[in-house]
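2 protein chains.
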Amino acid sequence: MPSWNDGAAKQSIIRFVDDVTGEDAPTFVPPADRIAVFDNDGTLWSEKPVYFQFLFAIERVRALVLQHPQWQSQPLFKAAIDGDFDALGIAGAKGLTTLTMATHSGMTTDAFDRIVEDWITTAQHPRFHRPFTDLAFKPMLELLRYLRDNGFTTYIASAGGIEFLRVWADRIYGVPPQYVIGSSSITQFQMRDGEPVLVREDRIEFIDDEAGKPVGIYKFIGRRPIFAFGNSDGDLQMLQWTAAGGGPRFLGLLHHTDGEREWAYDRNTTVGRLDKALDEARARAWTLVDMKQDWKTIFAFGPK
Amino acid sequence: MPSWNDGAAKQSIIRFVDDVTGEDAPTFVPPADRIAVFDNDGTLWSEKPVYFQFLFAIERVRALVLQHPQWQSQPLFKAAIDGDFDALGIAGAKGLTTLTMATHSGMTTDAFDRIVEDWITTAQHPRFHRPFTDLAFKPMLELLRYLRDNGFTTYIASAGGIEFLRVWADRIYGVPPQYVIGSSSITQFQMRDGEPVLVREDRIEFIDDEAGKPVGIYKFIGRRPIFAFGNSDGDLQMLQWTAAGGGPRFLGLLHHTDGEREWAYDRNTTVGRLDKALDEARARAWTLVDMKQDWKTIFAFGPK
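Line by line, the protein sequences give chains A and B.
Taking the numbering used here as reference, the numbering of the first sequence is continuous, increasing by one, and the terminal residue is 304.
Taking the numbering used here as reference, the numbering of the second sequence is continuous, increasing by one, and the terminal residue is 304.
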């Protein structure tokens, strides 16, 4: 993991992996149980000025607002049209799912995938002027690979949309669709012109955030992870539930402390608030990764 | 696949696997896309006199009815208490989920797993007087292994309960929990005595049957399978949706034709009706496996 400075955080990761892979160790865990779950926004890539999927939703709302004039009088949609990031941040995963499904209901899952693919390959981040996928954290990509090289299966458990992530998570993170867990709207099987298709509805199915994260993880994996990594209060229950299993456990939290190379925030922010989870991490000696201290490099495109 | 007679069915399987694994063939499919989905009841193990999970539910309803006297006046519960298999068969996957969640709501997922584990290792099939897991079809176990040996990932997509199956599917079928898809009730994250647990509620979350099967498969896997195998009309939409993808496809249906060694039924039965799907399989030249003709051995415990 060359992008990590040698410090307590890196050491705690390596020690944990050594503990569970050493075949003669009492802490050995067989590969089938080496399940690692990662939050996405703010953990694997940046989340400022607002979850990147909100910027996707903003573009879609603006593109479709002429066909939906009633959106102008709905606060959530108005916030998207106006680019009001504070209001969107407060709306959180549920607001994001609502916007995504409103702008993409009635279409097939295949059609939605194409819209996401088009956006993710062309849209640019407002500060860095690069594709959003360039804002994946290099140290975390190295960590994902390090874990997989040691027999782990790496999952993503995101409050963002499951179908949004699945389009590109394999390419960027090496996490194929079946290992992506996220928030979702309901889909229905239909016959259209004699073709069986899956159609997106405008009803929320599941919000994979806060207490929803352990529920989603259990539903998709059917096992309790031994390794969980997040960065905000939305990840607290995932970390608690992972910690409560028997045997060796790794609990990690990324602390955004680098306002120069990325962003610095914790308790006072609407997007990615880290407050209760920060207290609990300190009280229980979970691994706190200090972005500024622990990471040599943040993005693969190098220091600004 | 030593339990298969050399015939059209076995040949069509082998030809398909050769087609998608031959690296120079235009029909080559990379391993990541070699997704195979199997129905469970009637496809991987028997389903008579009624889905085996109904026998589990019957035992649970009878064990708990004194605490729930109102069940005596509810038709579905009454059918379970009376062992009315026709009525239970008609109630189908939804009835099964209702019984399972009514008898196991309020308990943690861990507690439910222990009850299933206890039942599956001790209960016996009424005709064969053996553990239910002995009624897994030997030719299908060989097929699962053959596919995995050829780089496939084998999934189960069952109308039965996801948590019920996950307890033993790995041991019997070699299909670990994360590759089991099924019907489910809602679970909630709770703190009990300071311990984070997942608790089963008495609300249906998802019925993985008929039009629900492609929905469940897409939700869990995020890809369209290239291989699907079922045995009843409940599998029709799964087969149709799998067939509609581009590139080589294998669609299989098991036809229960052996009343002596197993059971013989198709259009006229409440449990495992094969009617529309039989017509469509013949019209579209899907692979129909004739249990009596195609299988040398049905169960590992040998000819009756």
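Think of the hints as simulated: they come from the structure by calculation, not from any bench.
Quantities reported herein were computed from a predicted structural model and do not represent experimental measurements.
Each hint should be verified, as a subset may be incorrect.
[What the hints assert, rightly or not] Covered, in the sense of this in silico footprint (three residues per stretch, anywhere, with C-beta under 8 Å from a C-beta of chain B), are these stretches of chain A: (1) 172-186; (2) 216-228; (3) 235-242.
[What the hints assert, rightly or not] Below, a sample of chain B positions facing chain A; criterion: calculated Cβ distance under 10 Å: (4) 180; (5) 243; (6) 247.
[Unchecked claim] So, partial list: chain B residues that the calculated Cβ filter (under 10 Å) puts toward chain A: (7) 28; (8) 163; (9) 184; (10) 222.
All C-beta atoms, glycine included, are put in the ideal place defined by N, C-alpha and C.
Hints, verified against the model:
1. 172-186: holds (count 5)
2. 216-228: holds (count 6)
3. 235-242: holds (count 3)
4. 180: holds (7 Å)
5. 243: Holds. Min distance 8 Å.
6. 247: Hint on residue 247 (chain B): violated, closest Cβ of chain A at ~15 Å, above 10 Å.
7. 28: Result: violated, 19 Å to nearest chain A Cβ.
8. 163: holds (8 Å)
9. 184: Nearest chain A Cβ about 7 Å off; hint holds.
10. 222: holds (3 Å)
The structure does not agree with the numbered hints 6 and 7 stated previously, though it agrees with the rest.
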